[in-house]
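Colleague: The chain contents come next:
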Amino acid sequence: MQNLWLIPAFPFLGFLLNGLFGRKFPKAVINLIAVASVLASFGWVLKVWSSGGDLAANPIHEHYFTWMQSGQFNVGWDFAVDKLTMIMLFVVTGIGSLIHFYATGYMAHEEGYYRFFAYLNLFMFFMLNLVLGGNYLILFVGWEGVGLCSYLLVGFYIVKKSATTAGNKAFIVNRIGDFGFSLAMFLIVVNFKTLDFTQVFSAAPGAPTSTLTAIALLLLVGATGKSAQIPLYVWLPDAMEGPTPVSALIHAATMVTAGVYMCTRSAVIFLHAPIAMETVAVIGLATAVFAATIGLTQYDIKKVYAYSTVSQLGYMFLGVGVGAFSAGIWHLVTHAFFKALLFLGAGSVIHACHGEQDMRHMGGLWKYAKGTGATLICASLAISGFPFTAGYFSKDAILGAAYAHEPWMYWVGVVTAGMTAFYVWRAFWMTFTGEYKGHGHPHESPWSMLGPLVVLAILSLGGGFFFNVPKILDNMFPIKEGAEDMTLTYISVAFGLGGIALSYYMYVVNTKVPERITAGLGGLYTLVYNKYFVDEIYDTAVVRPLVDGSTTVLWHVADQGIIDGAVNGVGTEARGIGGILKLLQGGNIRSYATWVVVGAVVLLVVMGVTAMGFAAVGQ
Amino acid sequence: MDLAFFFVFSAIALICAINVVLQRHPISSALSLVGVMGSLAVLYLQLGGEFIAMAQIIVYAGAVMVLFIFVIMLLNAGAESRSGKASWTAPLLGIPALLAFLGFTVYYFLRGFNNAGVVKFGGYTGGSAAGVGISLFTDYLLPFEVTSVLILIAIVGAIVLARKEMD
Amino acid sequence: MPEAMQVLQSGVPVSWYLILSAVLFTLGVAGFLLRRSVITVFMCIELMLNAVNLSFVAFSNQHKDVSGNIFTFFVMVVAAAEAAVGLAIILTVFKNRQTLNIDEINTLKN
Amino acid sequence: MVFIVITVIKTALILFVLLTVLAYLQWVERKVIAHVQVRMGPSRVGPHGLLQPLADVIKLITKEGIMPPHANKFFYLLAPFFAVFMALISISVIPFGTQLTVGPYTTWMQLTDLNVGILFVLSISAMGVYGIALAGWSSNNKYALLGGLRSSAQMISYELPMSLAIAAPLLIFGTLSLRGIVDAQSGYHLGVIPKWAVFAMPFPQIFSFIIFLIASFAETNRVPFDLPEAENELVAGFHVEYSSMTFAAFFMAEYANMVTVCSIATLLFLGGWHPLWPAAYGSNLAAPLIMLIAGAICIYHGLNPARPFDRFTLPVFGVVFFGIAGLLLIPPVVPVIMPIFWFLAKTGFLLFVFIWIRATLPRFRYDQLMAFAWKGLFPAALLNLLITGFLVALTS
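Protein chains in written order, with this note's numbering: chain A, 13 to 631; chain B, 269 to 435; chain C, 34 to 143; chain D, 593 to 988.
Only chain A is shown next, with the shape it has when bound in the complex (with noise of 0.2 Å):
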């Protein structure tokens, strides 16, 4: 008994404490909880992961109680732990606990203080709870948990109007992910008659290949939802209207990677459903250069590397989606350090500007701001593939396995690959050469703040070496032979590069030339620039056809219409009916009462005389 019970046990604890009486605690000793509960649940982590013996052989599972039991059907609160769930807990506590950390110097100032970590302690309990669970049904209750605190935290400034709609569109958006999520569970429980991992993978193999392909995609909706793939991801970018320490937290390391975890926690079932896996990657292949050409031209610094993670998740797909699920979770790991290290560097940035969130008001921070500035350099590095940082190895990875299931998704993810380090570079030269336009004096950040930012830059850079995730993983998803031609690599590294000479020749060396280019494409590049109008395209073909679809058809033609039309009918005809029949309602209850009695004989003497009524009666 490894009592994982209590690691997300501590957060909720914290959420408690914070919550009900966070309003009376001074700060102190809200960050005391917060923090103090985190760190807590990542030391039971690491004591779970020397104690718990060869997680490979024998992965832990815990039984607390039947849930709901209804028939057969059988749902118990089980908490499994394999090697994927220890790495998924290391990322999960290990940045939660630098972020929470982060977040105490960050939300110093703001309203609601005692609220805002509330909420993230909640947040880290049902993410726990959705990456421990052993069975569909508790994932599924972490997953609605952590889609619950995103909306919240997403809403925090509750004063600003943008903040709330951002908060009810990444909800609302989630919900149909969910939908298909749970129309996943229902087929499952048909075909399976259970939840639970371990017999529902075991069970899979057997089932025909065409109701494996409809629960894989139905998943497949589900992960589109909650990690932001085509055609569901617009919610992310507006997500950024949130704290950045939950952009950096819930936005970019761990929550928008729950569908990752998701489709590699069920890779047994896509492994038997191959259609679905083209599925996966050609989502995951447009996703990643879809985002990336936006990210190219946005200029809010959250918003750059918003679009960004929308296409570092579209990585992680095509891993998933080629079969390389090891190489996705590889990813899914170092994209958790050096993006949560981007973000919480861009609030680190925004903090120094006095909430200043365009880059084109900020400039020359280098001589401000050095610590930021290394750690940022760190990140960017780190994610533009530069040989032996952490996204060099697990990018590799992908693309190799990519190269060996077809061809042209490599040169695609290449040339991704040379894009994503153009703007994350131009993001960086943006803010920290050239002169500073913003207002007022920036200033460096407080210890609190850079600590955490220290930390994730040393993982950014060394995280590769630290964490071999496909050696880890080897016994569940063998690593992938025939990727081992070095010219690939050599060629994404030539791209990478390339994106950065090319970002910095732009943007200090002649920063005449974006405005040529710009005026240059012109249509082309205001259609980017407005993210190719697809609210816009979903606002028209979605939302406005229901809104009016449902005045005009369902209220006008089909309420008032047919149905109060037939009520009234009924209405009239049942009056003209009950003219004739209201003689024999004398109102007095009792005569009513003789009628029923005499009703009741005569089905008496019914059941007497045919003889069914006999076999009933003498059972």
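Treat the hints as calculated values from the structure; they're not laboratory data. Among the hints, erroneous ones may be present.
No more than 35 Å apart at the CA atoms, straight line, and that leaves these computed lysine-lysine pairs for DSBU-like [what the hints assert, rightly or not]:
{"#": "1", "chain 1": "D", "residue 1": "Lys967", "chain 2": "A", "residue 2": "Lys39"}
{"#": "2", "chain 1": "D", "residue 1": "Lys665", "chain 2": "B", "residue 2": "Lys388"}
{"#": "3", "chain 1": "D", "residue 1": "Lys734", "chain 2": "C", "residue 2": "Lys128"}
{"#": "4", "chain 1": "B", "residue 1": "Lys388", "chain 2": "C", "residue 2": "Lys97"}
{"#": "5", "chain 1": "D", "residue 1": "Lys665", "chain 2": "C", "residue 2": "Lys128"}
{"#": "6", "chain 1": "A", "residue 1": "Lys59", "chain 2": "D", "residue 2": "Lys787"}
{"#": "7", "chain 1": "D", "residue 1": "Lys967", "chain 2": "A", "residue 2": "Lys36"}
{"#": "8", "chain 1": "C", "residue 1": "Lys128", "chain 2": "D", "residue 2": "Lys967"}
{"#": "9", "chain 1": "A", "residue 1": "Lys205", "chain 2": "C", "residue 2": "Lys97"}
Here are a few chain A residues that sit away from chain B, every Cβ distance over 12 Å (derived from the structure) [claimed, not checked]:
{"#": "10", "residue": "Trp423"}
{"#": "11", "residue": "Gly463"}
{"#": "12", "residue": "Ile574"}
{"#": "13", "residue": "Ile575"}
{"#": "14", "residue": "Gly577"}
{"#": "15", "residue": "Arg602"}
{"#": "16", "residue": "Gly611"}
Model, not experiment: these values are computed from the prediction. Glycine included, every Cβ here is placed at the ideal spot set by N, Cα and C.
Please build the complex by placing chains B, C and D on the supplied structure of chain A, with the hints as guidance.
Modeller: Same frame as chain A, but now just chains B, C and D:
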């Protein structure tokens, strides 16, 4: 032994039931009804339904009937009045029909259950608290949950109805 | 009839319980038909429910299956809820019409 | 045959002891309250008023029974009988101690053990309302009627938290039989802390114990919940019209109910007849020790008396106490008497708490009473039940 038991308590139940019908005063009827319920509870014990027997006393005799008496005391309801135009359908048509009903049912029971086996103390113990509980929370879980909703609705309805001002 | 006596020695026939419940039910209906006080009529309904419960428990004993007890349990729950609402209705009626005579509560007609 | 004889003997014994206890409980109450309020209490009839209960009984018997005009005679006379019946009957399932072996015969110190004993007690206490409601209604008096209405409402309201508070420890014991409940509380944590429900793992039932006590105050119509008989607003509530033996019946019923709820609390929460600390550490010596101390105190006060007749009475008590102490030290007696001693000690302590509270607290206002039941006690009991169930489910 079992026979004597059955006769004693069925006799009490019958007398009390007749009393319920014949007594003019609501309170007398109510207490006779309590008597019926008590003796039925004893019969439940004989039939092996311990839990149900206790629930019968706690819920019916202890709560529902107390509510009745409470209301009777509240309205200070005296012996019923004979005013108002009575309906003669009930006695004239109802009583014969009722007798026919009784005859048929008794006939069917004798006819259909003459070899249904016998009841004796300890002959069947499935109705213990454990048995009822297990069955209630596995096979009948959904109905159980639904009844909770029903009770909630009943509470709301009762409060709405019994409010002082009906605005 | 020696074998009949021997049967009776061994216990009470299930059918007797059923007959008892039938008689109780009939008494309940009779009360419903003959009495005029709303409260008494309501109590007669409870009496009918009890009669049915008895037959449920008897069946449960006959089939050695706990379901009968469960049904009785549900009947009790419903009866409790019904009593709460019904008495509230009676209170309201009395508040508005100052009568408990069921023959005078007959405006819902024609 | 033997069984029937034994049962009859046990019944007679229990009834005799119980009735005596009831009579003297009232004497104790008057004495305790008197000393709390720095008075002497009954001291005329017999030494220290020890014969006061007898005198009361004689007085009540010889008084005239008054039948109020236009009262419903049948129910008027049925009510007190019903009340006392319901109060006494639930004693029949309460176990006082372990098995007792006399010659060839072995029997439990309990009239009978039902599988659903605790439910039985609950149902009887639920039936207890009728006595009061009927009394209030049938005596054709508006104060009595108000008292009856109040008490029936109050009892129904407080039965819910009471039942919920009882349900929580039952989750831990897993049985409804009172004997089984007590057996489930035998043994000690770490060798010293008794495994009573109030110390039970995984969730000590201390909260449900408190809730149960409060609710039982209301169930027995004791201060601070004695609104049905609030002297200053309802003159005497539901028994205002009663006199002589009928009044005595209500009086007895109230005290019998007190004894019942106290013994139920002892069985459910305080481990029944199990001693407070293991016999290995000499829990068997506790009883004789107490007796010796009591005897010593009596002798001391007898030697320098505060009142003239103390010079004779107190030494006599002292000798009696010494005798009891010696009796308690006889080896064959010990295993029989110790369980009873512990059971009576705990019950007596709870009874003392009842009296103490009566001497201390003022009475609730009616709306406060209801609000307390529904807004305070009920949610608390529910929460306690929830937590207990959750922890039991987790740890079992």
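Colleague: For every hint, state whether the structure bears it out.
Modeller: Against the structure, the hints:
1. Lys967/D to Lys39/A: holds, 33 Å
2. Lys665/D to Lys388/B: Status violated; Cα separation ~40 Å.
3. Lys734/D to Lys128/C: holds, 20 Å
4. Lys388/B to Lys97/C: holds, 13 Å
5. Lys665/D to Lys128/C: Satisfied, since the Cα-Cα distance of roughly 29 Å is no more than 35 Å.
6. Lys59/A to Lys787/D: Status holds; Cα separation ~32 Å.
7. Lys967/D to Lys36/A: Given pair Lys967/D, Lys36/A holds - Cα atoms ~25 Å apart, limit 35 Å.
8. Lys128/C to Lys967/D: holds, 28 Å
9. Lys205/A to Lys97/C: Holds, at about 30 Å.
10. Trp423: Non-interface label on Trp423/A holds, nearest chain B Cβ at 56 Å vs cutoff 12 Å.
11. Gly463: holds, 51 Å
12. Ile574: Holds, since 31 Å exceeds 12 Å.
13. Ile575: Its Cβ never comes within 12 Å of chain B, the nearest being 26 Å, so this holds.
14. Gly577: Fine: 32 Å to the nearest Cβ keeps Gly577/A off the interface.
15. Arg602: Incorrect as stated: the minimum Cβ-Cβ distance to chain B is 4 Å, not above 12 Å.
16. Gly611: Gly611/A not clear of chain B: closest Cβ-Cβ about 9 Å, inside 12 Å.
Hint violations for this structure: numbers 2, 15, 16, all remaining hints satisfied.
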